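A.B. asks: These are the residues of each chain, in order.
There are 2 protein chains.
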Amino acid sequence: MGDEEQKDKPAASPSDRIPGGHKPLLRCIVKLGGAAITCKNELESINEEILESVCVQLREAMSKSANSSSGNVVSMDWSKRLGKPLVSAPEEFRNCRSLDLDSNFIVVHGAGSFGHFQASSSGVHKGGLNLPLVKAGFVATRISVTSLNLEIVRALAREGIPSVGMSPFACGWSTHGRNVASADVSHVISALHSGFVPVLHGDAVVDDLQDCTILSGDVIIRHLSQLLMPNYVVFLTDVLGVYDRPPTDPHAILLRKIAVDEDENWMIVKPKLQHEKMGVEITVAAHDTTGGMKTKISEAATIAKLGINVYITKAGTPHSLRALRGEVDDAPDDWLGTVICSSKNSIFQNTGGQV
Amino acid sequence: MGDEEQKDKPAASPSDRIPGGHKPLLRCIVKLGGAAITCKNELESINEEILESVCVQLREAMSKSANSSSGNVVSMDWSKRLGKPLVSAPEEFRNCRSLDLDSNFIVVHGAGSFGHFQASSSGVHKGGLNLPLVKAGFVATRISVTSLNLEIVRALAREGIPSVGMSPFACGWSTHGRNVASADVSHVISALHSGFVPVLHGDAVVDDLQDCTILSGDVIIRHLSQLLMPNYVVFLTDVLGVYDRPPTDPHAILLRKIAVDEDENWMIVKPKLQHEKMGVEITVAAHDTTGGMKTKISEAATIAKLGINVYITKAGTPHSLRALRGEVDDAPDDWLGTVICSSKNSIFQNTGGQV
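Protein chains in written order, with full-length UniProt numbering: chain A, 1 to 355; chain B, 1 to 355.
Honestly, the hints are just simulated from the structure, not real lab data. As the structure is a computational prediction, the values presented were derived from the model and not from experiment. Hints are supplied without guarantee of correctness; some may be wrong.
All copies of an identical chain are treated as equivalent in the list; a pair is satisfied when it fits inside any one copy or across any two copies.
[What the hints assert, rightly or not] For lysine to any residue, the following SDA-like pairs were computed, each having C-alpha atoms within a straight-line distance of at most 25 Å:
#1 LYS40 - GLU91
#2 LYS64 - LEU131
#3 LYS84 - SER53
#4 LYS84 - SER45
#5 LYS40 - ASP100
#6 LYS80 - LEU129
#7 LYS80 - SER186
#8 LYS126 - PRO332
#9 LYS272 - SER65
#10 LYS270 - ASP334
#11 LYS272 - ASP102
#12 LYS80 - SER147
#13 LYS126 - ARG97
#14 LYS126 - HIS176
#15 LYS126 - ASP208
#16 LYS64 - ASN130
Bound-form chain A, shown alone:
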């Protein structure tokens, strides 16, 4: 879906984000990949371990204190949880003067094993709300993806992150022939201004040509990036990054740094590969109605072109924590992941000169 998207939104100039200048509103947009945070082959099953680990790392990345992983995290989820004791935290917060968080992050998550079955078995992405099957599928898809959204908001809140669910359909995101037509981000900005972490997700939305479609989390991230110009964008997935061939191939090489030029041509900056021109083969999960790694890389390239560095790495690893902290611009050797950046920024870094 991302490939044929119009790239029509004028973006703020990257030069507005002068290093050392005034801090931009938005520090980071994080994509929690559906494949990472859910169990792909089990319907509507969350990978609790990875999700918790991601939330802990997000809190660490947001923390203003050096000792960020201390045990005094107080949950903001005071709701019942099956089989868990009730958390009722007002007293702990009463004595707390500051959350001590630099929380200007946006979280966008994919669907994984939530929503895909409902969407693909009814053809929501193809449109046609006059068909009862599609209308029912739209409803069923939204129930499934909003269930996941609620669980992710809760998992973030349990780590003391002031997360608020903002469902794209409810926010008024809509498409025109499957391209984003309307994406009012004023509510998202308002939530950020109030110190909340908006949590969006891939969603079923209204399309003014074909009635409805599926808007993927990756497309949402690209639009948010164009409009809000974060310092950096992190994609957390279930593989370490972008490889030169399917990562299941034992000869697959992890591409550490890719530079993207104005025409979205790619140049592999690191590692130096022997063969001159190099195609990047990618794997697409069979059940992924919104495109797998291919869409992700295409969207990442569009973001990088704006001058925003994109880090792709594996969720719940030491590498994801460093990415969330925004510490991997140079793709250090001991960091496993892929940095996608603008060729302008890349040449600038290599030569020290202005392009």
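Got chain A sorted already, so can you dock chain B onto it with the hints?
C.D. replies: Relative to the frame of chain A, chain B by itself:
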């Protein structure tokens, strides 16, 4: 909260809704009272029986067929439910040509035993997001009320109603000194146009004077009514309607019809009571942070003044089905509930003359 609200939105003229004229977009706004659909004294517990009954009645009210309560209802909730077999309905919908529903309804629900504990123990309604307690309470409140919203959307979908959750905070509803400042209903209208039933709820929202507050479902209904001019509005509660004194009092008389004039003075049209001027005593649930019956009646009066009849009755009774069908304008003797209408309409009905 409703009492001091500005009534500043110009509404479409009631005369636009000429009987027999072209059908307005919106047939009905239904409030599912928190006290009716949740177990008030048990934290985050849904009254499943009442909720299911309300959803069945809503479907019956929406149905275009005479035999509406037939057993061929196909669920639109295809997600896992604890302890229930998985519903996977695409096949049934594939052979279905039309949903056969007149679904231009909006559902708004209260919080009941969801959200109130979180809101009141942290003081979200009083504002002050700089206080960690309030910020955490905001997050906790939204988690709780959106959990309920999801369950209500699912319960409606199980009855084959194409319901979509639209959280006011995410939709961009905000307040100014606790009065509604911004209520973009374009997304709600778009959802209605697509044949969905938007499901909104009382929510924690941003307030531009005091940072945040609680926006009650009753205030949301009043605003939606002013902007969308439904044919009628139904409040489903845990009592039969409005009484002349607390309904626990054995001498309490159910007021069948109340007329409201331009200045929001009330006149009890039915029954004819002996004492001339009559105050309506009301009960306010102690834990209700957004006002109980008093707010409801005040909001209902404002809606009635627009020429929209408001029916208040007990959820899950034969009376609520008749109200949802819009069949109780004249407050028939065998119907137990309260009709609140404009005194203009009331006089018009009694005299047959134009006021």
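A.B. asks: Should LYS126 paired with PRO332 be assigned to within, between, both, or neither, using CA atoms and 25 Å as the limit?
C.D. replies: neither (43 Å within a copy, 49 Å between copies)
A.B. asks: For the identical chains here, do LYS64 and LEU131 meet the 25 Å Cα criterion within one copy, between copies, both, or neither?
C.D. replies: between (52 Å within a copy, 17 Å between copies)
A.B. asks: Check LYS84 against SER45 for me: Cα-Cα at most 25 Å, and say if that holds within a copy, between copies, both or neither.
C.D. replies: both (18 Å within a copy, 16 Å between copies)
A.B. asks: 25 Å Cα cut-off: does LYS80 pair with SER147 within a copy, between copies, both or neither?
C.D. replies: both (15 Å within a copy, 10 Å between copies)
A.B. asks: Regarding LYS80 and SER186, is the shortest C-alpha distance of 25 Å or less found within a copy, between copies, in both, or in neither?
C.D. replies: Classified as neither: same-chain Cα gap 32 Å, cross-chain 34 Å, threshold 25 Å.
A.B. asks: For the identical chains here, do LYS126 and ASP208 meet the 25 Å Cα criterion within one copy, between copies, both, or neither?
C.D. replies: within (12 Å within a copy, 41 Å between copies)
A.B. asks: Is it within a copy, between copies, both, or neither that the alpha carbon of LYS126 lies no farther than 25 Å from that of HIS176?
C.D. replies: within (13 Å within a copy, 41 Å between copies)
A.B. asks: Cα distance capped at 25 Å. Does LYS270 pair with ASP334 within a copy, between copies, both, or neither?
C.D. replies: within (13 Å within a copy, 81 Å between copies)
A.B. asks: Using 25 Å as the alpha carbon limit, work out where LYS64 and ASN130 are close: within a copy, between copies, both or neither.
C.D. replies: Answer is between; shortest inter-copy Cα gap is 16 Å, intra-copy 52 Å.
A.B. asks: How do LYS84 and SER53 come out at 25 Å by Cα distance, when the copy is not named: within, between, both, or neither?
C.D. replies: within (19 Å within a copy, 30 Å between copies)
A.B. asks: At most 25 Å between C-alpha atoms: does LYS272 with ASP102 qualify within a copy, between copies, both, or neither?
C.D. replies: neither (37 Å within a copy, 64 Å between copies)
A.B. asks: For the identical chains here, do LYS80 and LEU129 meet the 25 Å Cα criterion within one copy, between copies, both, or neither?
C.D. replies: between (36 Å within a copy, 24 Å between copies)
Consistency note: the structure conflicts with the earlier hints numbered 5, 7, 8, 9 and 11.
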